[in-house]
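Q: Sequence:
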Amino acid sequence: MLQSVMAQHGKSLYQPPQTKIKHGQAVSYRDVCVHEIRIADVEDPEIYLAEPLMQWQDSEQGQWLMQHAEEKPYWLQNCDYASYHVEFRVFARLSEQNETFWRLKWGGLNK
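So for the sequence shown, our numbering puts the first residue at 1; every next one is plus one.
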């Protein structure tokens, strides 16, 4: 299951891009926005988030990301005051190779 940033007691799960040595090779990692869900202005948006988030997580794309993310994916919540929507963005920490595969296979978000 994905984790909310708020579930970490206000501690940000975002990490800046970094390069690690794995099996004698340099591998770069960064947090990538992999999915967005917009929900109309409701009393408790997290309740309405559960179904579309679980459907995405159970999809081929979501399962692939859960397996290939370096760390457990997390989501952020933003308010869009212009359209009265709540926007949720799912982020996953991916290596350059996995990010390239993900963007080519599923089109990726342009962020």
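Simulated from the structure, these hints should not be mistaken for lab results.
Don't take every hint at face value.
[To be verified] Listed next, with one range per pair, are the computed distances between beta-carbon atoms: (1) Ser59 - Ser83: 21 to 29 Å; (2) Lys22 - Cys79: 19 to 27 Å; (3) Phe101 - Ala26: 12 to 20 Å.
We put the CB at the ideal spot given by N, CA and C, even for glycine.
Q: Next, verify each hint and record whether it holds.
A: Evaluated hints:
{"no.": "1", "hint": "Ser59 - Ser83: 21 to 29 Å", "verdict": "26 Å, holds"}
{"no.": "2", "hint": "Lys22 - Cys79: 19 to 27 Å", "verdict": "39 Å, violated"}
{"no.": "3", "hint": "Phe101 - Ala26: 12 to 20 Å", "verdict": "18 Å, holds"}
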